[in-house]
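Novice: Chains as they are written, first to last, in UniProt numbering: chain G, 1 to 364; chain Z, 1 to 314.
If you're looking for bench data, these hints aren't it; they were derived computationally from the structure.
The model shown is predicted, which means the values in this text are computed figures rather than measured ones.
The C-beta atom is built at its ideal place from N, Cα and C for all residues, glycine as well.
To spell it out: a stretch of chain G is covered by chain Z in this simulated footprint if at least three of its residues, at any positions, have a beta carbon under 8 Å from a beta carbon of chain Z; those stretches are: (1) 204-212; (2) 285-298; (3) 356-362.
With a Cα cut of at most 20 Å, we get these calculated EDC-like pairs of lysine to aspartate or glutamate: (4) Z:K272 with G:D216; (5) G:K140 with G:D157; (6) G:K212 with Z:E262; (7) G:K160 with G:E148; (8) Z:K269 with G:E194; (9) G:K56 with G:D88; (10) Z:K29 with Z:D277; (11) Z:K269 with G:D237; (12) Z:K269 with G:E39; (13) Z:K200 with G:E345; (14) G:K206 with Z:E262; (15) G:K354 with Z:E262; (16) Z:K269 with G:E355.
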Amino acid sequence: MSETKEKILKIKDLDITFKTTAGPVHAIRGVNIDLYKGETVAIVGESGSGKSVTMKAAMGILASNATVDSGSIEFTYTHADGSRETVDILTKDKKWIRKHINGKRIAMVFQDPMTSLDPTMTIGKQIMEGMIWHFKTPKKEAWDKAVELLKEVGISDAEKRMKNYPHQLSGGMRQRVVIAIALACNPDLLICDEPTTALDVTIQAKIIELIKRIQDERGISVIYITHDLGVVAKVADYVNVMYAGKIVEKGTIDEIFYDPRHPYTWGLLSAMPDLNTDDRRLYTIPGSPPNLLHEKTGDAFAPRNRYALEIDDKLEPPMFQVTDTHYAATWLLDERAPKVEMPAELKARIERMKEEAKKNGSEL
Amino acid sequence: MAVNYNAEPILTVKGLKQYFKVSSTFTVKAVDDVSFDIYPGETYGLVGESGSGKSTIGRSVIRLYDPTAGEIHFNGRDISGKLSKADNQALRTQMQMIFQDPMASLNPRKKVRDILGEGLDIHHLYKTKEERETIIKNILAKVGLAPEHAARYPHQFSGGQRQRVGIARALIMNPKLIIADECISALDVSIQAQVVNLMKDIQEETGLAYLFIAHDLSMVKYISDRIGVLHLGHLLETGTTDEIFANPVHPYTRSLLSAIPEPNPRVEKNRKSMTYDYATSGIDYNVGSYHSMGGQHQVFGTDEEIAKWTSEKF
Numbered sequence: 001m002s003e004t005k006e007k008i009l010k011i012k013d014l015d016i017t018f019k020t021t022a023g024p025v026h027a028i029r030g031v032n033i034d035l036y037k038g039e040t041v042a043i044v045g046e047s048g049s050g051k052s053v054t055m056k057a058a059m060g061i062l063a064s065n066a067t068v069d070s071g072s073i074e075f076t077y078t079h080a081d082g083s084r085e086t087v088d089i090l091t092k093d094k095k096w097i098r099k100h101i102n103g104k105r106i107a108m109v110f111q112d113p114m115t116s117l118d119p120t121m122t123i124g125k126q127i128m129e130g131m132i133w134h135f136k137t138p139k140k141e142a143w144d145k146a147v148e149l150l151k152e153v154g155i156s157d158a159e160k161r162m163k164n165y166p167h168q169l170s171g172g173m174r175q176r177v178v179i180a181i182a183l184a185c186n187p188d189l190l191i192c193d194e195p196t197t198a199l200d201v202t203i204q205a206k207i208i209e210l211i212k213r214i215q216d217e218r219g220i221s222v223i224y225i226t227h228d229l230g231v232v233a234k235v236a237d238y239v240n241v242m243y244a245g246k247i248v249e250k251g252t253i254d255e256i257f258y259d260p261r262h263p264y265t266w267g268l269l270s271a272m273p274d275l276n277t278d279d280r281r282l283y284t285i286p287g288s289p290p291n292l293l294h295e296k297t298g299d300a301f302a303p304r305n306r307y308a309l310e311i312d313d314k315l316e317p318p319m320f321q322v323t324d325t326h327y328a329a330t331w332l333l334d335e336r337a338p339k340v341e342m343p344a345e346l347k348a349r350i351e352r353m354k355e356e357a358k359k360n361g362s363e364l
Numbered sequence: 001m002a003v004n005y006n007a008e009p010i011l012t013v014k015g016l017k018q019y020f021k022v023s024s025t026f027t028v029k030a031v032d033d034v035s036f037d038i039y040p041g042e043t044y045g046l047v048g049e050s051g052s053g054k055s056t057i058g059r060s061v062i063r064l065y066d067p068t069a070g071e072i073h074f075n076g077r078d079i080s081g082k083l084s085k086a087d088n089q090a091l092r093t094q095m096q097m098i099f100q101d102p103m104a105s106l107n108p109r110k111k112v113r114d115i116l117g118e119g120l121d122i123h124h125l126y127k128t129k130e131e132r133e134t135i136i137k138n139i140l141a142k143v144g145l146a147p148e149h150a151a152r153y154p155h156q157f158s159g160g161q162r163q164r165v166g167i168a169r170a171l172i173m174n175p176k177l178i179i180a181d182e183c184i185s186a187l188d189v190s191i192q193a194q195v196v197n198l199m200k201d202i203q204e205e206t207g208l209a210y211l212f213i214a215h216d217l218s219m220v221k222y223i224s225d226r227i228g229v230l231h232l233g234h235l236l237e238t239g240t241t242d243e244i245f246a247n248p249v250h251p252y253t254r255s256l257l258s259a260i261p262e263p264n265p266r267v268e269k270n271r272k273s274m275t276y277d278y279a280t281s282g283i284d285y286n287v288g289s290y291h292s293m294g295g296q297h298q299v300f301g302t303d304e305e306i307a308k309w310t311s312e313k314f
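Can you build the whole structure from these sequences, using the hints too?
Specialist: Written out as structure tokens, the structure is:
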């Protein structure tokens, strides 16, 4: 993290609706995200919470039935000569984004490497494609750079591998290739959409360590979209917790994991057993994620919230400030609200986590 | 729930081999000489990476495959060879399976009532229509669904509810053993916990046993009494959950455990996972024997390997 923080991405009051045959679906309801150079932001949430849609908007690859009702996505990038430029991606047309942003300045790593690679093209060609298209790199030079990249992402025998097709590689290898493709044009921002969900634990750990290493070496910013809090704990500097198209809690990694304030974050944290959980039952969030087709007044989380107050059904909670960096959208933080503590199981667990952190020599 | 390890095991698997002949020169040894027991009321977790043979074991045990070699005893019956009609009948009612993807494992053209009732119909487990309806209603209530859900189709449910239907379908036959093959992997985090709690409650109530197959180690640790670690079709290490997690011996187990991401940022940020590569490790899974580490804990390897691993600290 640099002293003077350069802002890379600023998503402001983003609001997106999808037109479907069943009626409009209000998928994103006022999302704000800031990302600085060299930092990692994680967006956590269940399926359908809108985390992928937000990032697709930033890439300009929203589905055709989506309309952006309001908001702006300001992306700042550095030209080759060092000058900086800020653009609002939402005001640009698809063609411009394709030429100037996609793959060149913002690159994306998708969940399933088998579907994101072209099965009829050698992996060498796929890595070189972006460089040749965006920068008109001579073929020989692109080839050499592709070999370099393969070595960088930890693939042995890089020259030989260049001529392989995706099906000749294992799942973990394929995801490494996808990362190499994403890095080919030296992007300022890397978006990883569930990059390890389709992979085994052992390989997952390797891929995450790889992304982290590359980030440290190149100083790029990374956005992680995931539902796995273990992954978040490993990589993120800042965490945004999304629910039903809204960010319900945001803060630094320590604030979210050691001092969560929103009942939904409590639920998420306690639903995933850590290795020391010996409680007989897991604390669960009752019910299931809401159907955004039927918009309800008040807090969207209220029906599943065992700490819901009367006002939750009438009025949507604003973002309450906890610290300079920590915000949560729950009426529990209002000064008029009754004092509610996080569930005892979670409290004990956080104490354990702190204890363990102390043993590891990084006390809070 | 305390499991009585002196009781007769509900399932005994001895030297199970499951080979798939791909061509005349190439045979895949998906499961190679695996032995384990499951006791009544116990949850046995099978873990390993994809391709380690954990799902194949589940499918061989419930006889979706014909085992190449080995013995499987279930509830006092030998179910490894050709099944007699009575054996088949007993196996099909007393052992049930829950699959990974509830959308793919429930017939989209059948109502929940008929999905659940199918087993009852086949085995003639009711006398009147009303009795069938009562059984279905009771089972729905047990898995936390409402009676009116019986008239719905699978697509009208959310993912978590669908998996509850999958569990209800397994439970309706009053099984003694349920094979749960990655049954929570396709669910959202908050829903996973609900389903796991439900499975635990049902076990408490009915005393059935689970063979829990998963790759999410933190969930396996939470639900299982004992664990078996599989790699490339070989059972490398088995023991109670505490024994395995407190004192993993085999390098593969150690690498697996070191890879589990923990939701504790301060610890997680400084941790490096261990690498294990069978090809370069110098370990041969075909030589060696099981060595007891005390209690239920057993590790597979040669004498020298075991001595070396136990001297290294994890």
